[in-house]
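Participant: So you can see what is in the structure, the chains are spelled out below.
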Amino acid sequence: MALSSSHPLAGTIAAWMWLLPVLPLLGFFINGALSILGSSHVGPSDPDMGHDDHDASPAASDQASHSHGGDSHAQAVPRFRALTAIIGPGVLILSFLLAASIFLAMRGVDMSAPFIQRYWSWMPVGDLRIDMAFQLDQLSMVMVLIITGVGALIHIFSVGYMSDDPGFARFFAYLNLFVFFMLMLVLGANYPILFVGWEGVGLCSYLLIGFWFTDNANASAGLKAFIVNRIGDVGVLIAMFMIFANLGTLDFTGVAAGAAGLPFGGALVTTICLFLFLGCTGKSAQLPLYVWLPDAMAGPTPVSALIHAATMVTAGVYLIVRSSFLFAMSPIASITVAVVGAVTALFAATIAMKQWDIKKVLAYSTISQLGYMFVGVGVGAYTAGIFHLATHAFFKALLFLGAGSVIHVMHAAYHHSGSHDDAQDMRNMGGMRKAMPITWIVMWIATLAISGIPPFAGFFSKDSILGSVYEHAGDSVLTNATWLGMSGHTVLLAVYVIGLAGAFLTAIYMTRLMLYTFHGPSRATADEQRHMHEAPWLMTGPLVVLGALSLAGGWLNLPSIMSFLGPVGGLDHWLEPVVGAATRTVTNGVALEASHSTEAALIGAAIVIAVLGIAVAVLALKPASLVPKAQSPAEHGFEKVLANKYYVDEAYDDAIVRPVYGLSKNVFWRGLDAGIIDNLFVNGSAALARGLGWIGARIQTGSTGVYAWAIVVGAIVVLSAFSFR
Amino acid sequence: MTDFLNGIHYNSWILPALLIIPLVGALLVWAQGGAHRDDADANAEPARHIAVWTLIIEFVVSCGLWWSFVPGVAGWQAGVDYAWIPSWGARFSLGVDGISLMLVLLTTLTMPLAVLGGWTAVKTRVHAYLAFLLILTSGMLGVFLARDLLLFYVMWEVMLIPMYFIIGIWGGQRRVYASLKFFIYTMVGSLLMLVAIIYLGIHNRDALTGIPNFSYDAMLASGALTPVTALWLFGAFFLAFAIKVPVFPFHTWLPDAHTEAPTAGSVILAGIMLKMGTFGFLRFALPLFPGSAMNPTVRAIILTLAVIGIIYGALVAMVQPDFKKLVAYSSVSHLGFVMLGIFALTVQSVQGAMLVMINHGISTGALFLLIGMMYERRHTRMLADYGGIARVVPMFAAALTLVSFSSIGLPGLNGFVGEFLVLLGAFRTYPIFAAIATTGVIFAACYLLWAIQRILFGKLDKPQNEHMPDLNWREIGLLVPLFACIIWLGVYPAPVLRRMEASAEKVVRTVQTNAALSESQTAALPGGE
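Heads up: the protein sequence lines correspond to chains P and F, in order. First residue of the first sequence? That's 1 in the working numbering, and the numbers climb one at a time after it. First residue of the second sequence? That's 726 in the working numbering, and the numbers climb one at a time after it.
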């Protein structure tokens, strides 16, 4: 194990950073073993003969898993449940404690250079050197704290949420494995190690979306997620190949050094960045590759909270900030990121307006909020992007877990009444605040946070992004860049307006979700209502902690205009060594500081928009007049288009999936492979050989006369051939 | 370990021993069968034990090569050289280098697993079946180890015949068609190669005695073929190897042969025998005819076929209703990566190609073993006959999922490292080809994950599947070594790469220099390209 011994962190607790991902990996192995031990027995020695002596089908197959909409809960006590309940969250808590200690150690030392540990040589080939190496710096530390912290809370919540599931151990095995890969992603010291985590989290996402695999729709959603992500991954791979072909290294430190030597705004750096961003649109569910995320809601709700809201889907934002030394060199790629982010933010927000499934609203909301993060990192406000990533991790995890709590309660009620209604449809809910006061309050905190109401966390981070867009539109290297024939100034101002419009819609759809779920009269039967009560403390505890974070998260990075609230710019200072240089490249070397009056005006506009959105929703929506799903009328016109998500899935299906399948099956396989190559050439030449053999056999008549004639004719032909030469 | 191996003079006897041990085993199996061997199932059990223990001994003995092999040496190691047919100038000379080392170890690892995999599936003429498998082992190792082209050709044919019988006798419904197709396809290519080998042998004859010389090293040193002759000879080798790989459009024997062969046959075909073609390119076609192989037109055609193979193989695999055929077509796709890596000719791409050869052997071998297990339980290979069985056979489901992800190149598992190196290396010389080939990773996910979804997930709606037994100890035992390789080669492939590096660099360097040399000669010739 080679250590960079000169670094001030060498010899401190930070040298144990390898343990951060190894702990969840251990959890995966133990829970995975428990899962297999708990659910199977070894078959007979001759599988062909074994049908009759095979005594009983495994525990899982006895479960009649009844499903209400998405989440299904079968009733059985899985074996080794207690052990899993301790190990699953336990490894995460240990990992978080270690991360916190490392964080404390980092605060005391000079961290101008990242702390890199090399463990072993992964791919040493010729001039290629890829090491299994971790890199600890301020950026990876922030990510590690979010992943292990929010991850631990979600693991604890899951102990309660999944308690009745026969796949309890399997669930925690996958969840632990996910955290392992996610930590690889943010700790990797080079692009290939990042990519191990990048695809590894995709694997876990696949496994967890399809966790209740007996329903084919869930398995299909997992498959879709993996394949759509792979389309993006091709971009990351090609970007890596280009980086290596031109810079000769894939280490972050080496690429950062080499990138400075590339021509500013050149085609090379722009192409690399655009390919990297293709990967981001897959992993972080941006246009045009966002389609997998709404389907991913088929997974258990804690999965949606951890993977499809707080951590994995933010990996694209992380990748751009990690590669800020490249993106800052390419105004065109940067503006592309910002535009795609802004358009996605607005586009997804409009769809969220008309969804009835509580998780689908949150899914589109996540796509929309990720769009804001890309707006931030696109305009070169890397810290603002990470800031919003952090606050979003708090309030969106909370929203998902809260929604999970509600769904859990709905399931329990339906279980008692024997109803087969959709437990995730908001039209079947209403008035839940009476049964679940804690969930109700913390979800309002999260709603105010995401809507951008001060002093909740989302207000500060969203304002930081939109403020930067406005400032960078005025004076940065993006201002004078040309993007598709338009000036960067114009494009960024448009991005700003789109961002404000998205913020307005955000406030509306979130208020709508809260009103329909928690307010108004309950649309459940009286019998069902009797069985609704607040979730156990294992589930509400994490909600309360996340509520506190959603309330206080803004203090991570207060704007200078609000210095009366406390120390300003905490995250700015913390991330300075990682993104400072790139940010200065974008801002022409000066620290942009808008005048306080401008800043006040921007903040004022943001607050007005948010309040207006909530007000419109409260005034316009009538939860009392809502009827349960079964009696609801069909949507018409544009509402129907929104409810059907602009028919994008259908369009992709018709334009890509079906043609490729048809082409492969009818043209390539049946036509080319079986028809032309096999029948015409292979079997054809065999038939030709048979035919010649048949003719040959006919010729051998045994009649000497015929042979004699043949000899004569042959001799004449040969002789004349020679004489004519 | 090295001291111990030196103490027993390991290097001086290991390579002949590797060829002899399986033959001895074959004799023992045959003798044990006695008079009743044709129909006697009764005493098949001892024969199976003889065969599997012979192959386990073979594997254990071969493992010494891992330590006795000196990384960083590009030339032959553990070489032996005996007179064989003096009047023809053919010699029995063997050697191992960085190109063949891992293939030899892959062979000795795969063979016992293949026999174990077909333990209960083959119930008729067991003695003949096992004897053929053992002879096949010697033949395949001979191909990898030969340093004499005539010996190489003999071994090439020795390996063909047992496989023909294995498919034709113990295969599935259409076994006769499949085995004939396999045989004729391969023969067409290899006969042309024989002509080319004889030409080369005579070309290199001793000036005084006129005795031909088939020594590989002598041919490498001699050179001096006219470009046109070289192109014809390259064409002959190309056809033989391209059929074996198989390169699109010479691939249609493969789905039939792989599908109809019994489990052990499929495992060996996919795991080892497909590598004979790409091995042939690396060992013979490129070093012997660098000018032809590196001719820009020839190279562009072959690279195009490689990339077509990657995409086309994956797309056709995607629409197969038969799981075994699906995996067979996926081999066309994987081997396309190998061809891309070899002909892109950078150190990374060639080593990547060598690694893909090993990885494909492990992953696809494991896939065919798993298919065999499914088939033994349900007697069907059709995807539509399964569905939701993950609930009944959780261990099998976990195994199939792991192997599938290894096959589609999930980073951290073996498949990724090879494909990544191929594409990374190929991008340096042929960025467009490499970029198109990279999209193959999407289709790989499509065909394999969609297939396992249809097998493992969804409703358990077919009553016949409800009582499928899960993996038994024999099956777990034979999968575990493969899983170990899958993870080891994904996490820490450096020791393997180190052993390959010197030989790969040598191939790249010599082919590049000689190609440049012959290009300058060609330019001097009137009418040359």
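Certain hints may be false.
Unchecked claim - A short list of chain P residues far from chain F (calculated; beta carbon distances all over 12 Å):
#1 SER6
#2 THR12
#3 ILE93
#4 GLY197
#5 PHE213
#6 ASN218
#7 VAL228
#8 PRO288
#9 ASP475
#10 TYR647
#11 ALA674
#12 ILE677
To be verified - Chain P regions said to be covered by chain F (calculated; three or more residues, Cβ under 8 Å):
#13 124 to 131
#14 241 to 255
#15 292 to 303
#16 410 to 419
These are computed hints drawn from the structure, not numbers from a lab. Note that the Cβ used here is the ideal one computed from N, Cα and C, for glycine as well.
Participant: Report the numbers of all earlier hints that the structure fails to satisfy, in ascending order.
Facilitator: As far as the earlier hints go, 4, 5, 6, 7, 11, 12, 15 and 16 are violated by this structure, in ascending order.
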